[in-house]
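Chains as they are written, first to last, in this note's numbering: chain G, 37 to 380; chain U, 37 to 380; chain W, 37 to 380; chain C, 37 to 380.
Mixed in with the good hints there might be a few duds.
The list cannot tell twin chains apart, which means a pair is met if one copy fits it or any two copies do.
[As the list claims (entries may be wrong)] Below, simulated DSSO-like cross-link-like pairs (lysine-lysine); rule was C-alpha separation at most 27 Å, straight line:
1) 181 / 99
2) 311 / 39
3) 170 / 305
4) 167 / 249
5) 181 / 249
6) 249 / 39
7) 78 / 39
Hint data in this document are derived by calculation from the structure and do not stem from the laboratory.
Number of protein chains: 4
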Amino acid sequence: MEKLRVGVTGASGYAGIELMRILGRHPNVELRAVTSRSLEGKAVVEDMPLLRHIFSEDFKFIKSDPKVQAQMSDIDLWFLALPHGVAAEYARELLAAGKTVIDLSADFRLGSLERYIEFYKSEHPAPDLLKMGKYIIPELFDISKNDKLIACPGCYPTSILVPLIPLMRERAVSTSGIVIDSYSGVSGGGRKADLTYSYCVRNESMTAYGLPKHRHLSEIEEQLSIAGGTDVIVQFNPHLSPATRGISTTITVPAKFDGVEKIYEIWSKYYAAKKFVKVLPSGKYPDTLYVSGTNRVDISAVYDPRTKNLVITSAIDNLIKGASGQGVQIMNLMFGFDEGAGLL
Amino acid sequence: MEKLRVGVTGASGYAGIELMRILGRHPNVELRAVTSRSLEGKAVVEDMPLLRHIFSEDFKFIKSDPKVQAQMSDIDLWFLALPHGVAAEYARELLAAGKTVIDLSADFRLGSLERYIEFYKSEHPAPDLLKMGKYIIPELFDISKNDKLIACPGCYPTSILVPLIPLMRERAVSTSGIVIDSYSGVSGGGRKADLTYSYCVRNESMTAYGLPKHRHLSEIEEQLSIAGGTDVIVQFNPHLSPATRGISTTITVPAKFDGVEKIYEIWSKYYAAKKFVKVLPSGKYPDTLYVSGTNRVDISAVYDPRTKNLVITSAIDNLIKGASGQGVQIMNLMFGFDEGAGLL
Amino acid sequence: MEKLRVGVTGASGYAGIELMRILGRHPNVELRAVTSRSLEGKAVVEDMPLLRHIFSEDFKFIKSDPKVQAQMSDIDLWFLALPHGVAAEYARELLAAGKTVIDLSADFRLGSLERYIEFYKSEHPAPDLLKMGKYIIPELFDISKNDKLIACPGCYPTSILVPLIPLMRERAVSTSGIVIDSYSGVSGGGRKADLTYSYCVRNESMTAYGLPKHRHLSEIEEQLSIAGGTDVIVQFNPHLSPATRGISTTITVPAKFDGVEKIYEIWSKYYAAKKFVKVLPSGKYPDTLYVSGTNRVDISAVYDPRTKNLVITSAIDNLIKGASGQGVQIMNLMFGFDEGAGLL
Amino acid sequence: MEKLRVGVTGASGYAGIELMRILGRHPNVELRAVTSRSLEGKAVVEDMPLLRHIFSEDFKFIKSDPKVQAQMSDIDLWFLALPHGVAAEYARELLAAGKTVIDLSADFRLGSLERYIEFYKSEHPAPDLLKMGKYIIPELFDISKNDKLIACPGCYPTSILVPLIPLMRERAVSTSGIVIDSYSGVSGGGRKADLTYSYCVRNESMTAYGLPKHRHLSEIEEQLSIAGGTDVIVQFNPHLSPATRGISTTITVPAKFDGVEKIYEIWSKYYAAKKFVKVLPSGKYPDTLYVSGTNRVDISAVYDPRTKNLVITSAIDNLIKGASGQGVQIMNLMFGFDEGAGLL
């Protein structure tokens, strides 16, 4: 089979690095270009020594430039690992040139322009493309080869929507009174020279931040509302924890049924055949350590007869299933590769 | 002023170590004996090298023995840093001999014997003493010099009750629909040779455990019910985080008032004059790093107009304000010492 | 190509887990059995949740038993991830039954029985097999398909011998006055319920241990003596650092040449074509973070004109290049697979 | 006794923070001013929330300005926690105004101007003051009340010179062939918004840096040469380890005597009466965890009969005994306070 020719733009951040690590040894892909505004001309392995056994010194960052990239005829698909706002500009040029775009940013995650403006506090640079963007959690949404603009979900939303959407669709839990607490590893803050993310400030530090209206709340509520068939508003409390990777999410939701049987039935229906969602027995808890470096979501649930709540827990690697791995999984499915190619 | 003569029994665990660290340089106290079943005859600084500049090699653990300790006429007050169930047996002997007892275990935290049996799944070894035990959060409860048996609150409960009890007493928040997520550092699991608490299992690990009925829930609900004047049942979700110390707690509670003004008024009334409770402005978040090594509780709150919830956050050092430091603070107040003696 | 049928005995430790992770997705291998004394009958993914996407619940540990394993006709090669002393007993039975054995323990690393007894302080359980054992660093020693008993080097020795052996062979550095300081991540201590390896004891802890005669010194000196053509005695100072993985090694050795040119020439001759040894330019330092999860050794050197010493630094992942990955690399070369199969 | 009135200039770094923590509760000191170029007007507890129970919101940074500070008649002693080069300018003004200066920077550590220029690669801003500066390790050097300009040793040098200077003075070890490997926690790199010190870059990272001529080597060699009565040149290999605090140092030095008896005799003579140096028995190893938060140096030694080397190990908290704590200890001794005041 001929290899798919791909590029990564904005490859200098943690998601970009992870994309290079995966795509650099993906059996069905040829990684032909990686771009960066700040690292143009630098060898990839200089900036990311972890990849020294995968890339040679000759593999270098080229300059990020939407018009130039649109003209590169030897690349079929671009991953965008760019900040929101910036990604949309690249998407416009690349789509116009007929490329497929898998966007890790937030620019095409929302169907509602108003919601984008409300949560991201800026105009959208390409509102006309919003409709074209397909928000894809690969275990839950259909992907078509004709899709040209894929919006990868955010890291927190992935850990929340994988367990909740099936229960919402099947009307198995309440759509109100939902409280979600998530703790993220520090890489979620990005690769930045910022005192806030320095070792001595984050080590031994557990703390909430950005309450009560984190940007990811916008896509969480939009997707839960679609799945639940009604406006869903949730309390989402994000935190930081002293780990490099991982998101640990705990969802308290008023139950509609006693016990967890119904919940597990639904999850089994949706996920028994899915490679990257593991449903743990009630009483076993997902642990970020055990999904670290993998594309898995582990999920579980207990029922509390005293409160009539379900407590659902999940864990992901924020950089893989929460970003780059999920993007590659989507690509695999779009192009008919093995779903786990490059991801095992 | 003559020094108070104290002893610590069960001094080999993390709370015991912390007690020795504090009491060993407390200006009003003479630490005359520390006991351990496993470390009898061993020098304290052998087992706890951190204390090498405080104790000499001659200061050794003696054998834990309730009857022998009761006869030690040169000790006025005993701290119990023993497992629940065991502590009560020591308390009985020591009280009979006229000693004052400050108990860090759970044995005298609950007023209700039924609740103890339900949550601790064993008979209580001294049910006749339950009434004598005074559960003391020093900022919230009166302490009398006549009290002879003090029950120190648990670590999770301290982080939860300090912010919530004033709001419950003042009827300022809902008494139902409360969800509490806490993340604890690993020292909360105790000083044990257990694979679960080994470095490689806890590093990079965030995970829930013990849902939905952690033992500490018993005292949380008992105290909130007393404060709120009605039966309060809450969802309490404990977790572990890769840190040595600290508890980060996030409480979502349906609000009775728009905004946080009323909440901050109440907190100010209760805590403005308190040395060890710091109320942070709304929008600043308590951080375990910044209470580490201190006896403080930092608390804060935001109001979410979309959900009509208050989100309250708090942080403590689980071994200090969550255990040993609070015990010493109580002793300071009982005996008329400066509240912060040994704790600053 | 038909797949090689392999088993892992003693699969419950960190090296065993890593072997399962690698072999479970190795393209040329069928992993047919994993054994454990303590985990017999337990599902592998129960004990090692990280592998949930690789193995099903049906893949279970069988009982470790050398005689039974020797009779398993469907397994061609056994990896031994057993303690020293125990491994030799398994090797004897398996070799007698015609199996190939790749041993991660120390039992067959030394040519000298006296040295074994001196450093391991016990009799050797199979001294007659010592000669049969081939000590293999795959970049430095020839491997033959006829070899039946492979001794994988220890973790510290790998980090030391890869940079030093070529320099010894080429007589490019002094054979005396060598000082080696190594820091290891905590996984080097094994998977044990031991207070010494608990999170709260290791976090924030840097310390030496086992001076001056760590067991690994025996193979370090034996191999350096062979390479240098004279008895080589070195100072080897091992330490622990608060990390899960990695060994950082710094070797100070009196130089024979000014500058590093000669050193880099030799390294280039030995390693330019080697996938898993990366020679960094002088002034760039190997970092355990950047070899973590890989089978690489990164090495570098600076020359100090003031002391006339070379300072050589290296980094490996102690569980991969320092144990399981290197074992698989050896298997790949023995059986004509791609050297990096399963390791990229 | 009247309190000593002190100020801290450059209080925004880790050493400055630690000074404020210690001086803010020192029984013999009144901390009257803290200065910062970047934090002028900001409340100290805003920038350093750990101190919320020690300082009120009213205690604010004032602007750093040598001329203004020199005119502040209510301050007798200034601590300088400034970068090298800058500190000397403040020292000149403050000394001219009759203040006592305790300088944590490198500006007055060296007696030799040439050495300063060689290692710090810049002119010295106040070479005329070099002679006035007294380099003080309080356990090893006499302090006079007439001293006006104290140079506090660097962190690495403290961990090296405390064990070695007595042995050099007593001619008990070789003065050549010395190799020193040190691992430092990340706070040693300073409080900077720098990707190099970010959590995700330092976590799980062990690496050498700055070989072979770290700036601290200048004072190490100068002091060892004075103590040994001959030019001493050493190999000093600094590294970083994933911890917030601590320096772990291992010194390999050719022995002059068999065994460690002579070494321990000398250490006992120098240190038996010293509160902040603990000599551990041979075979026990200093551990950064157990000096963390203390002003102690723990030291130990083993003798290796095979190599005829002594291997000396030491551990300090780099921010306390390696910087601020040692500065306060010096102040205590200069002004007749208890040596451990504020430090226990």
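Hints, one by one, checked against the model:
{"no.": "1", "hint": "181 / 99", "verdict": "neither (29 Å within a copy, 49 Å between copies)"}
{"no.": "2", "hint": "311 / 39", "verdict": "both (23 Å within a copy, 24 Å between copies)"}
{"no.": "3", "hint": "170 / 305", "verdict": "within (24 Å within a copy, 52 Å between copies)"}
{"no.": "4", "hint": "167 / 249", "verdict": "within (24 Å within a copy, 46 Å between copies)"}
{"no.": "5", "hint": "181 / 249", "verdict": "neither (35 Å within a copy, 48 Å between copies)"}
{"no.": "6", "hint": "249 / 39", "verdict": "neither (42 Å within a copy, 50 Å between copies)"}
{"no.": "7", "hint": "78 / 39", "verdict": "within (26 Å within a copy, 41 Å between copies)"}
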